[in-house]
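Trainee: Numbering of the sequence shown is given in UniProt numbering, commencing with residue 1 and proceeding in unit increments.
Hints in this document: simulated from the structure, not taken from any laboratory.
Quick caveat, the model's predicted, so the values are computed rather than measured.
Some clues are possibly wrong.
In the DSS-like style, the derived pairs of lysine-lysine whose C-alpha atoms are separated by at most 25 Å in a straight line are [said to hold, decoys possible]:
{"hint": "1", "residue 1": "23", "residue 2": "101"}
{"hint": "2", "residue 1": "23", "residue 2": "56"}
{"hint": "3", "residue 1": "23", "residue 2": "95"}
{"hint": "4", "residue 1": "56", "residue 2": "95"}
{"hint": "5", "residue 1": "27", "residue 2": "101"}
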Amino acid sequence: MTQVDFYILPSADPLARLDFACKLTEKAWRMGHRIYLHCSDGAQRDELDARLWRFKGESFVPHGPAESEPEGLVVLGLGDSCGAHHDLLVNLDLKVPPFAKAFARVAEVVVEDPAIRQAARESFRFYREQGYPLQDHRLQRL
Numbered sequence: 001m002t003q004v005d006f007y008i009l010p011s012a013d014p015l016a017r018l019d020f021a022c023k024l025t026e027k028a029w030r031m032g033h034r035i036y037l038h039c040s041d042g043a044q045r046d047e048l049d050a051r052l053w054r055f056k057g058e059s060f061v062p063h064g065p066a067e068s069e070p071e072g073l074v075v076l077g078l079g080d081s082c083g084a085h086h087d088l089l090v091n092l093d094l095k096v097p098p099f100a101k102a103f104a105r106v107a108e109v110v111v112e113d114p115a116i117r118q119a120a121r122e123s124f125r126f127y128r129e130q131g132y133p134l135q136d137h138r139l140q141r142l
């Protein structure tokens, strides 16, 4: 069954979610995982794409949009399909995507913004009701 990890960040800035997603993606990619970053809209995906290019000067995480690189190791997607990805889902949307159960692991990134925290509570409740194993990681620093 899909393992769901909630990463609770010590920040109220919604953009901190994207920075953390970059760090998490780089770590998972270096460990050989295939990562699907699910974005809420095109603007968020564009911002995440830009951050993946510049978040760390000495490293590069190869990535692309799911539409043009569906078999890529790291893809940024929108909508209701994850293609052939089933390893790690980093969910940056405010709701659980319908394909979450297809992944071995799901990472939910949460900041102290009230709307994001409320959406995370609803997602946590959904996962718990479905019987997913849940883990939360309260980070002390970014």
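Trainee: Does each hint fit the structure? Answer for all of them.
Mentor: Consistency of the hints with the structure:
Of the supplied pair hints, the one linking residue 23 and residue 101 holds, its CA atoms being roughly 23 Å apart against a limit of 25 Å. For the hint pairing residue 23 with residue 56, the CA-to-CA distance comes to about 9 Å; that is within 25 Å, so the pair holds. Taking the CA atoms of residue 23 and residue 95, the gap is near 22 Å; set against the 25 Å cutoff, the hint holds. Of the pairs offered as hints, the one joining residue 56 and residue 95 is violated, with about 28 Å between alpha carbons and a cut-off of 25 Å exceeded.
Proximity of residue 27 to residue 101 is assessed by CA-CA distance (about 22 Å); at most 25 Å being required, the pair is judged to hold.
In summary, the structure is inconsistent with hint 4 from the numbered list given earlier, while agreeing with all the others.
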